[in-house]
Amino acid sequence: MARPVIERRLSEIAERLLRLRTDLAVADEQMAHFSEEADDARVRALVSETALADREHRGADRHARAMERHRADILVEIERLESSQDDLLDKLAAGH
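First residue of the sequence shown? That's 337 in this note's numbering, and the numbers climb one at a time after it.
To be clear, the hints were calculated from the coordinates, so they are not data collected in a lab. Treat the hints loosely; a few may be bogus.
[What the hints assert, rightly or not] Pairwise CB distance ranges (calculated): (1) 364 / 416: 13 to 21 Å; (2) 401 / 355: 23 to 31 Å; (3) 357 / 394: 31 to 39 Å; (4) 394 / 366: 16 to 24 Å; (5) 414 / 375: 21 to 29 Å.
Just so we're clear, the structure is a prediction, and the values are computed from it rather than from any experiment. All C-beta atoms, glycine included, are put in the ideal place defined by N, C-alpha and C.
Working from the sequences, and respecting the hints, build out all of it.
Written out as structure tokens, the structure is:
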């Protein structure tokens, strides 16, 4: 692979990693919020023992789990891009 192509791909990966790390910070904040909301709903469901409170708890818990999955997906993509970045840097260092 030609050096300019490697450098261009490295630049693209760096930009994508920057966006993903920003997305990860947002996901962390949202996950904290949804987890706290789910915990509060769980306590309300335990105290009130009503069907409505239980339904609210399940909904809040679903949101928290969805955010956890989203965050995990972001981390997987970051790891994949970092691995690609390492491979490209190795090629660049080897003189390809």
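Okay, the hints, checked on the actual structure:
1. For the pair residue 364 and residue 416, the supplied restraint of 13 to 21 Å holds, since their beta-carbon distance comes to about 19 Å.
2. Residue 401 and residue 355 have their C-beta atoms about 24 Å apart, which keeps the hinted 23 to 31 Å range intact.
3. Between residue 357 and residue 394 the Cβ separation comes to about 32 Å, which falls inside the hinted range of 31 to 39 Å.
4. Between residue 394 and residue 366 the beta carbon distance is about 19 Å. The supplied range of 16 to 24 Å therefore holds.
5. Between residue 414 and residue 375 the Cβ separation comes to about 27 Å, which falls inside the hinted range of 21 to 29 Å.
The structure agrees with every numbered hint stated previously.
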